[in-house]
Amino acid sequence: MPSAQYISPDQELLFKTNQLDTSQLSTIGITSGPSEYVKIDRDQPSEAKDTFYGKLRCKITNLQDQLNIFLTEQMGKEKNDKDIVELEKKLLDGNDDE
Numbered sequence: 402m403p404s405a406q407y408i409s410p411d412q413e414l415l416f417k418t419n420q421l422d423t424s425q426l427s428t429i430g431i432t433s434g435p436s437e438y439v440k441i442d443r444d445q446p447s448e449a450k451d452t453f454y455g456k457l458r459c460k461i462t463n464l465q466d467q468l469n470i471f472l473t474e475q476m477g478k479e480k481n482d483k484d485i486v487e488l489e490k491k492l493l494d495g496n497d498d499e
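Counting from 402, one number per residue, gives the positions in the sequence shown under this note's numbering.
Heads up, a few of these hints could be off.
Stated by the list, open to error - Between beta-carbon pairs, the in silico distance windows are:
| # | residue 1 | residue 2 | range |
| --- | --- | --- | --- |
| 1 | ILE408 | ILE431 | 20 to 26 Å |
| 2 | PHE471 | ASP494 | 32 to 38 Å |
| 3 | PRO410 | GLY455 | 19 to 25 Å |
| 4 | MET476 | PRO446 | 49 to 55 Å |
| 5 | PRO410 | LYS450 | 40 to 46 Å |
| 6 | ASP451 | GLU489 | 27 to 33 Å |
Worth flagging that the hints you see were computed from the coordinates, not collected in a lab.
Quick caveat: nothing in here was measured; it's all calculated off a predicted structure.
Quick reminder that beta carbons are idealized off the backbone N, C-alpha and C, glycines included.
Generate the whole structure from the sequences, applying the supplied hints.
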């Protein structure tokens, strides 16, 4: 089954798709869908088929969503940490106006 591994200096994660039941399988990704401004999505993926490759396609779509959500959260945390450090520097340098 498809899986992905994330390794950084402070954490290691394994993303899996084998724990999904059939109700969670879709070819339409949560994080990779069309823009909200698109009225007619001409590139919308076809419905999932109940075949080996159809299920594999759904699992890969789910795996991509898991990774996109995790990495977006990580980027948000890093930005927040950076903002806190910058604010501390400003306050310690005498910029107490903020």
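How the hints compare with the structure:
no., hint, in the structure
1, ILE408 with ILE431: 20 to 26 Å, "holds (24 Å)"
2, PHE471 with ASP494: 32 to 38 Å, "holds (35 Å)"
3, PRO410 with GLY455: 19 to 25 Å, "violated (39 Å)"
4, MET476 with PRO446: 49 to 55 Å, "violated (26 Å)"
5, PRO410 with LYS450: 40 to 46 Å, "holds (42 Å)"
6, ASP451 with GLU489: 27 to 33 Å, "violated (56 Å)"
Violated hints, listed in ascending order, are 3, 4 and 6; each of the other numbered hints is respected by the structure.
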